[in-house]
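So the protein sequences, as listed, match chains A and Y. Here my numbering is used: position 69 in the first sequence is 69, and no number is missing along the way. Here my numbering is used: position 96 in the second sequence is 96, and no number is missing along the way.
Just so you know, the hints here were simulated from the structure itself, not pulled from any lab data. It is possible that part of the hints are untrue.
Said to hold, decoys possible - In silico DSBU-like links for lysine-lysine, alpha-carbon gap of 30 Å or less:
#: 1; chain 1: Y; residue 1: K52; chain 2: Y; residue 2: K13
#: 2; chain 1: Y; residue 1: K13; chain 2: Y; residue 2: K57
#: 3; chain 1: A; residue 1: K3; chain 2: Y; residue 2: K13
#: 4; chain 1: Y; residue 1: K22; chain 2: A; residue 2: K69
#: 5; chain 1: A; residue 1: K69; chain 2: A; residue 2: K3
#: 6; chain 1: A; residue 1: K69; chain 2: Y; residue 2: K52
#: 7; chain 1: Y; residue 1: K22; chain 2: Y; residue 2: K57
#: 8; chain 1: A; residue 1: K69; chain 2: A; residue 2: K54
#: 9; chain 1: A; residue 1: K52; chain 2: Y; residue 2: K57
What the hints assert, rightly or not - Computed list of chain A residues with no C-beta within reach of chain Y, every gap over 12 Å:
#: 10; residue: Y36
#: 11; residue: Q38
#: 12; residue: K69
#: 13; residue: V78
#: 14; residue: T110
To be verified - In silico contact screen, one side only, chain A against chain Y (beta carbon under 7 Å); selected entries:
#: 15; residue: F39
#: 16; residue: P44
#: 17; residue: G50
Since this is a predicted model, take the numbers as computed values, not measurements. Using N, Cα and C, we set each Cβ at its ideal position, and we do this for glycine too.
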Amino acid sequence: LAKTTQPISMDSYEGQEVNITCSHNNIATNDYITWYQQFPSQGPRFIIQGYKTKVTNEVASLFIPADRKSSTLSLPRVSLSDTAVYYCLVGDRVRTNAGKSTFGDGTTLTVKP
Amino acid sequence: AAGVIQSPRHLIKEKRETATLKCYPIPRHDTVYWYQQGPGQDPQFLISFYEKMQSDKGSIPDRFSAQQFSDYHSELNMSSLELGDSALYFCASSLQNTGELFFGEGSRLTVL
Chain A
1 LAKTTQPISM
11 DSYEGQEVNI
21 TCSHNNIATN
31 DYITWYQQFP
41 SQGPRFIIQG
51 YKTKVTNEVA
61 SLFIPADRKS
71 STLSLPRVSL
81 SDTAVYYCLV
91 GDRVRTNAGK
101 STFGDGTTLT
111 VKP
Chain Y
1 AAGVIQSPRH
11 LIKEKRETAT
21 LKCYPIPRHD
31 TVYWYQQGPG
41 QDPQFLISFY
51 EKMQSDKGSI
61 PDRFSAQQFS
71 DYHSELNMSS
81 LELGDSALYF
91 CASSLQNTGE
101 LFFGEGSRLT
111 VL
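For reference, chain Y alone in the conformation it holds in the complex (with noise of 0.2 Å):
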């Protein structure tokens, strides 16, 4: 079965550079998220999509900005990245009224 397909899997960045992540949701999904996991930390759940509209917000710094296009792939964009920005960072995408939530393997951001 199809799951949730992120890239890339691994990014290294400088500080202050930018980076975009890019997520591709299981066909037929209407909801995406997005979660940041630190070394070590809970997932932090940053934004949520429903139908191509921002659906929630979480702890997204406002240095990170995020949207859904019409064929329902999302893209984390990031600028002026810090060192703490350095993390797994987790896309997930659902059925709205289910509440079961399917992640992807994850893309590994390392900032420098």
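Isolated chain A (complex conformation) (with noise of 0.2 Å):
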């Protein structure tokens, strides 16, 4: 399985860029990357995934290295409702993403007026 680290806590303000780093030094071949946003007693929801490079779509983009030994999710403009819980999981896609790359610890994201 492919053990991720993030940082456990960021503070924003309003209306700037936030970046919030994964690492997953043993990453596998067939693994993609993909970033969930939990809420508060909400399930968690689907931001983004990607394999390598950059993915961007309407909320997110995310920027995977050559290597892809670590993963970087961009929220830009952030607000306050964006304050919640950021999970970056590294699974194979094709068997069960999530089913063998538990979340992990997430990272708290605190956006402040």
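Fit chain to chain and form the complex, with the hints in mind.
Right, here's the structure in full:
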């Protein structure tokens, strides 16, 4: 299993760009990197997924260097409603992405006014 | 769009009782997952099913069992409940080859 390491917490202010980095040194060839967001007492919500280089969608970007040993979730111009826990998961997308790579210690992002 | 439906949303049980949680995945999703999230903790993977067969097993206690039925809904059965079983239980579903999990709103179990 690819173990992931993320900062425990981060603080930011409204309107700033936030970058959360996840380390996954033993990522396997078939593994994808997926990020989820979770608000208190709610189920995690898919944000973005990637394999290499850069992926962008309407809410975030995901940067993955060539060695794939880390990844960075970028949230542009955060707002108070982005205050949540963010999880980085690494796993085989074909089989079960989350089943083989359980949710590790996420990053609690606090956005301040 | 249809989401993952979990029931009941809240459940209160006494120690040593039995509880059953139900999950109705998004239509046409072939994989169902169960997670347990204790207070202040991260979601812990319990078990998953692909096409009604168990596909992966995580930290599910022997007192717990689960199955997926012919209509793809899944049930998590918990027996001999302990105080430490009090948690939010999430069900998620996905299409096997996408890796994108859709979570339900969870079932909050309180064991007294």
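Hints, one by one, checked against the model:
1. Y:K52 / Y:K13: holds, 28 Å
2. Y:K13 / Y:K57: holds, 25 Å
3. A:K3 / Y:K13: Distance of about 35 Å is beyond 30 Å: violated.
4. Y:K22 / A:K69: violated, 38 Å
5. A:K69 / A:K3: holds, 11 Å
6. A:K69 / Y:K52: Since the Cα atoms of K69 (chain A) and K52 (chain Y) sit roughly 35 Å apart, the hinted pair is violated (cutoff 30 Å).
7. Y:K22 / Y:K57: OK: K22 (chain Y) and K57 (chain Y) at ~18 Å, within 30 Å.
8. A:K69 / A:K54: holds, 14 Å
9. A:K52 / Y:K57: holds, 28 Å
10. Y36: With a cut-off of 12 Å, Y36 (chain A) comes too close to chain Y, as the shortest Cβ separation is near 8 Å.
11. Q38: It is violated; Q38 (chain A) is separated from chain Y by about 8 Å at its closest Cβ, not greater than 12 Å.
12. K69: It holds; K69 (chain A) is separated from chain Y by about 19 Å at its closest Cβ, greater than 12 Å.
13. V78: Holds, since 22 Å exceeds 12 Å.
14. T110: The assertion about T110 (chain A) holds, with a minimum of 15 Å to chain Y.
15. F39: violated, 11 Å
16. P44: For P44 (chain A), the interface hint holds, since the closest Cβ of chain Y sits about 5 Å away, which is under 7 Å.
17. G50: violated, 11 Å
Comparing the model with each numbered hint stated earlier shows that hints 3, 4, 6, 10, 11, 15 and 17 do not hold.
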